[in-house]
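Asker: Using the sequences plus the hints, can you model the full thing?
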Amino acid sequence: MLTPTPTPQQSQLQAHRLANHQVVQQARQLYVQRLKEAQARYPSSAGFQEHHLVPMYLGGAKSGATYRLPTAYHKAITQAFRERWAYGQERPPPEKLQLLLVQVYSQYPIPQLIGLQP
Amino acid sequence: MRETIELRVEESEAWRLFRDDEGVVLPSGTVRKVTLPTDDERVSRVREIDRTLRQQGQLFFAGWRILRHYSARELKSAELLKLGMAAVFEPSGEECGTEYDEATACTLCGAGARQVTDLSLDVRRIPQRADLARTLSHEWVISARLADLWQEHGITGADFRPIRGAGARAEPVKEWYQLVVTAPPLDILPATLTGNDPFDLDEDNAQRCPKGHVVGLNVLSELSLRRSDYDGSDLTWTRQQLGMRSGVLRPHPLLLMSPKLHGLLVELKVKRLDIEVAHLA
Ligand SMILES: [Zn+2]
Numbered sequence: 474m475l476t477p478t479p480t481p482q483q484s485q486l487q488a489h490r491l492a493n494h495q496v497v498q499q500a501r502q503l504y505v506q507r508l509k510e511a512q513a514r515y516p517s518s519a520g521f522q523e524h525h526l527v528p529m530y531l532g533g534a535k536s537g538a539t540y541r542l543p544t545a546y547h548k549a550i551t552q553a554f555r556e557r558w559a560y561g562q563e564r565p566p567p568e569k570l571q572l573l574l575v576q577v578y579s580q581y582p583i584p585q586l587i588g589l590q591p
Numbered sequence: 348m349r350e351t352i353e354l355r356v357e358e359s360e361a362w363r364l365f366r367d368d369e370g371v372v373l374p375s376g377t378v379r380k381v382t383l384p385t386d387d388e389r390v391s392r393v394r395e396i397d398r399t400l401r402q403q404g405q406l407f408f409a410g411w412r413i414l415r416h417y418s419a420r421e422l423k424s425a426e427l428l429k430l431g432m433a434a435v436f437e438p439s440g441e442e443c444g445t446e447y448d449e450a451t452a453c454t455l456c457g458a459g460a461r462q463v464t465d466l467s468l469d470v471r472r473i474p475q476r477a478d479l480a481r482t483l484s485h486e487w488v489i490s491a492r493l494a495d496l497w498q499e500h501g502i503t504g505a506d507f508r509p510i511r512g513a514g515a516r517a518e519p520v521k522e523w524y525q526l527v528v529t530a531p532p533l534d535i536l537p538a539t540l541t542g543n544d545p546f547d548l549d550e551d552n553a554q555r556c557p558k559g560h561v562v563g564l565n566v567l568s569e570l571s572l573r574r575s576d577y578d579g580s581d582l583t584w585t586r587q588q589l590g591m592r593s594g595v596l597r598p599h600p601l602l603l604m605s606p607k608l609h610g611l612l613v614e615l616k617v618k619r620l621d622i623e624v625a626h627l628a
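Line order of the protein sequences matches chains A and B. Here the first sequence is numbered in this note's numbering, starting from 474 and rising by one per residue. Here the second sequence is numbered in this note's numbering, starting from 348 and rising by one per residue.
Be aware that one or more of the hints could be misleading.
Quick list of simulated restraints, FRET-style, between CB atoms [stated by the list, open to error]:
{"id": "1", "chain 1": "A", "residue 1": "Val497", "chain 2": "B", "residue 2": "Val372", "range": "27 to 35 Å"}
{"id": "2", "chain 1": "B", "residue 1": "Val372", "chain 2": "A", "residue 2": "Gln502", "range": "20 to 28 Å"}
{"id": "3", "chain 1": "A", "residue 1": "Leu503", "chain 2": "B", "residue 2": "Thr464", "range": "43 to 51 Å"}
{"id": "4", "chain 1": "B", "residue 1": "Gln498", "chain 2": "A", "residue 2": "Pro516", "range": "42 to 50 Å"}
{"id": "5", "chain 1": "B", "residue 1": "Asp621", "chain 2": "A", "residue 2": "Ser579", "range": "29 to 37 Å"}
{"id": "6", "chain 1": "A", "residue 1": "Gln512", "chain 2": "B", "residue 2": "Gly559", "range": "21 to 29 Å"}
{"id": "7", "chain 1": "A", "residue 1": "Ser579", "chain 2": "B", "residue 2": "Pro531", "range": "48 to 56 Å"}
Note that these hints are calculated values from the structure, not bench results. For glycine and all other residues, C-beta sits at the position ideal for the given N, C-alpha and C.
Answerer: Encoded structure:
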């Protein structure tokens with residue numbers, strides 16, 4: 474049987490899926506690498522901690538989304554935030570907060586959001 | 348007064364404005380802390396680069412801080428000074444059971460929720476070497492040691508309220524008090540520059556209350572205050588507030604102090620304060 478030729482829309486969708494798949498794969502690799510680095514940097518940080526997706530010092534709600542992360546990884550994320558935005562500084566305006574979140578999570582992916590067990 | 352600005356620049360973008368050896372790369376290796384005099388010609392370039400990168404959904408710098416360095420003489424001749432607390436901790440009072448009446452708060456900016464119970468805190472979380480500290484929500488605390496000395500020296504405009512540990516039946520603690528201001532507040536005058544950051548003055552007033560309670564996210568210049576509002580108290584505060592209601596964060600007034608109180612804090616070597624000259628006009 475002949476393989477049917479995909480319509481331009483189908484091709485586009487397929488290309489989009491492939492790109493998404495690649496992004497997720499890259500993020501998974503990055504997570505594994507960052508976790509390893511964090512565990513080397515904080516060797517005595519066993520266990521897990523809850524992480525607020527929008528940290529409370531940046532104005533995130535206490536009842537906001539949290540993710541259970543390996544303690545060392547949580548410490549590395551906290552450092553990535555606080556180096557960029559000092560603890561106790563007035564919170565950023567909404568647009569800057571968005572950019573800050575994208576910046577930190579593109580370097581430190583949340584495992585649950587890319588289909589990984591922490 | 349010498350003024351500098353500290354920026355937290357993305358290391359991957361720092362080349363756009365800075366030499367490799369400028370500033371300090373922070374431990375993660377991805378952020379560079381750079382301090383420039385505010386009259387450095389590159390400060391205006393920060394604005395351009397920041398705008399360009401933002402349009403591409405990227406950050407040039409995130410955090411910033413303006414530092415004002417005064418001579419002893421400038422500090423001594425000030426009529427009033429801003430008293431900022433750099434020792435910040437959490438959980439805040441609200442998280443430890445302190446109740447606020449949100450019905451008294453402005454529905455637009457969230458300022459003015461009245462505290463209706465004693466302040467409850469996990470006092471183990473208060474920075475132990477500080478005598479003055481604040482929660483993330485700007486609840487001010489003072490060590491009992493310092494409160495006693497303020498009373499001994501006749502410091503006016505302040506009152507000390509009990510702090511309870513977290514938990515329903517917690518007793519007042521001995522080591523700390525909540526610091527409250529009893530003096531009438533001072534108007535912040537329009538000469539005071541406010542905004543989101545030194546490069547973003549919030550021109551569409553997104554962070555200002557139309558009713559005038561909150562005048563912006565941050566004060567960007569020295570404070571200019573209405574002289575006729577000042578009753579001479581050693582501790583006082585601004586009528587208008589800064590910041591934003593967001594999670595546990597609340598809009599808050601700024602604390603002000605007399606040269607007498609400033610002198611006492613210097614003499615007692617009280618640490619972790621952020622002090623600036625304020626102007627009466
Ligand atoms: Zn308001």
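Asker: Which numbered hints does this structure break?
Answerer: When the structure is compared with the hints, only number 6 turns out to be violated.
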